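Given the coordinates of chain A, assemble chains B and C onto it according to the supplied hints.
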Amino acid sequence: MAKYLLIETRDPFEASDVGFCHDLARRLAAEGNQVILYLVQNGVLLARPGARAPALAELVQAGVEVLADDFSLRERGISAGRLQAGIKSSPLDVVIDEMAEGCKVIWH
Amino acid sequence: MAEKKTLTFALMDPPYESARTTTALRLIDIAVRRGYAVNVFAYEGAVLLPFARQQPHPNAVHGRNVEEEHHLLTKDVVAALAAEATQNGGKLDWVNCGLCVDERGAGEAIEGVRRGSPADLWKMAETSDATLVIGTR
Amino acid sequence: MKALNIIESAYRGTIEEQDDTIVWLTHAMKGAGADLAVLLRGNAVNYAALGQDAAGLAFGGWRQTQPPRLADDITALVAKGVAVYVLSEDLAERGLGPGDILNGVERVGRDSLPQLLAGYDQVWHW
Chain A
1 MAKYLLIETR
11 DPFEASDVGF
21 CHDLARRLAA
31 EGNQVILYLV
41 QNGVLLARPG
51 ARAPALAELV
61 QAGVEVLADD
71 FSLRERGISA
81 GRLQAGIKSS
91 PLDVVIDEMA
101 EGCKVIWH
Chain B
1 MAEKKTLTFA
11 LMDPPYESAR
21 TTTALRLIDI
31 AVRRGYAVNV
41 FAYEGAVLLP
51 FARQQPHPNA
61 VHGRNVEEEH
71 HLLTKDVVAA
81 LAAEATQNGG
91 KLDWVNCGLC
101 VDERGAGEAI
111 EGVRRGSPAD
121 LWKMAETSDA
131 TLVIGTR
Chain C
1 MKALNIIESA
11 YRGTIEEQDD
21 TIVWLTHAMK
31 GAGADLAVLL
41 RGNAVNYAAL
51 GQDAAGLAFG
61 GWRQTQPPRL
71 ADDITALVAK
81 GVAVYVLSED
91 LAERGLGPGD
101 ILNGVERVGR
111 DSLPQLLAGY
121 DQVWHW
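Residue numbers (the numbering used here), protein chains in the order written: chain A, 1 to 108; chain B, 1 to 137; chain C, 1 to 126.
There could be a bad hint or two in this list.
Residues from chain A that keep clear of chain C, each with C-beta distances beyond 12 Å, as calculated [as the list claims (entries may be wrong)]:
1) ALA2
2) ASP70
3) GLY81
4) GLY86
Quick list of the computed label-pair ranges, beta carbon to beta carbon [to be verified]:
5) B/GLU3 <-> C/MET1: 19 to 25 Å
6) C/GLY95 <-> A/GLY50: 32 to 38 Å
7) B/ASN65 <-> C/LYS80: 52 to 58 Å
8) B/ALA119 <-> C/GLU106: 24 to 30 Å
Derived by calculation from the structure, the hints in this document are not laboratory data.
Quick caveat, the model's predicted, so the values are computed rather than measured.
Every residue gets a Cβ at the ideal spot worked out from N, C-alpha and C, and that includes glycine.
Only chain A is shown next, with the shape it has when bound in the complex (with noise of 0.2 Å):
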């Protein structure tokens, strides 16, 4: 099994196809890979407590590990230590990290 890393930059606010990219991360998984989606941009905007997000907190059940930029956060006022459950801030070398192991990474 591989190693994925999804980034997504969108947020279903504005674009619905950010179903396409929660979709293939909840394939991906149930396929026995190791999925990381790394949230970023107006991605985070989605972390944020209350904000309507069934679909992560699907995907962190789902065994996906959920991480969104700290930078993105800040960025748009979203504290990093309240996020929505099971979504973890993370700086932005994870994507680094994951490419210099050869890890798949896929930007949407």
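Quick look at chains B and C alone, frame taken from chain A:
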């Protein structure tokens, strides 16, 4: 020192139009600080990122003159990333897609940027530990 | 190295460029010896639609003589040995049935995406 890796990025966005550019430059910054070998294939509007004729301007809305505004110019960022790469024992190989340069009149790029073609993207990817494509919308 | 080009963005600048720039890039890399395949998804599934015609635009006295011919370009990729997959759910959502699309493109469902992606060293989403 961390093991030296080679990473490739394919970019498409022109400057000043998308948050994708900022994230891309942040990623390249992280990689060059680690002394990695970094390849950039700039496609379409991204060939304007190292355009040598960018100029700073004042900001009357905020009452700042040119010096005070200190406007971010992406050509300066690309130059700084290249310098950072060299300083850390790595490299930044920036290739502008030639036909994209031609149709945009973006032939004057900063020193160190070279003209290339899609074959370069493939060659870069083949010799990299990973390649990240950042498409445009 | 094998790479899968996932094309989602559709009709973006295609008139000015006279091509879809990612379909074009795929052709160019294939010509340089790349081992590539294409997955059309989202609105880009419409690139497999029959009957596309972008000809006839004029701007003042300037007339476009080489409009994009995206369906032809997809067919040409297939002819070159580039596998072109198209996401069947996205076709259905857009009202495109089996009789509405080009020959030679292979319909795949979302449930087969993990297996499809596993077959490539690189997955590039444009």
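Status of the hints after comparison with the structure:
no. : hint                              : result
1   : ALA2                              : violated, 6 Å
2   : ASP70                             : holds, 24 Å
3   : GLY81                             : holds, 32 Å
4   : GLY86                             : holds, 22 Å
5   : B/GLU3 <-> C/MET1: 19 to 25 Å     : holds, 21 Å
6   : C/GLY95 <-> A/GLY50: 32 to 38 Å   : holds, 37 Å
7   : B/ASN65 <-> C/LYS80: 52 to 58 Å   : holds, 56 Å
8   : B/ALA119 <-> C/GLU106: 24 to 30 Å : holds, 27 Å
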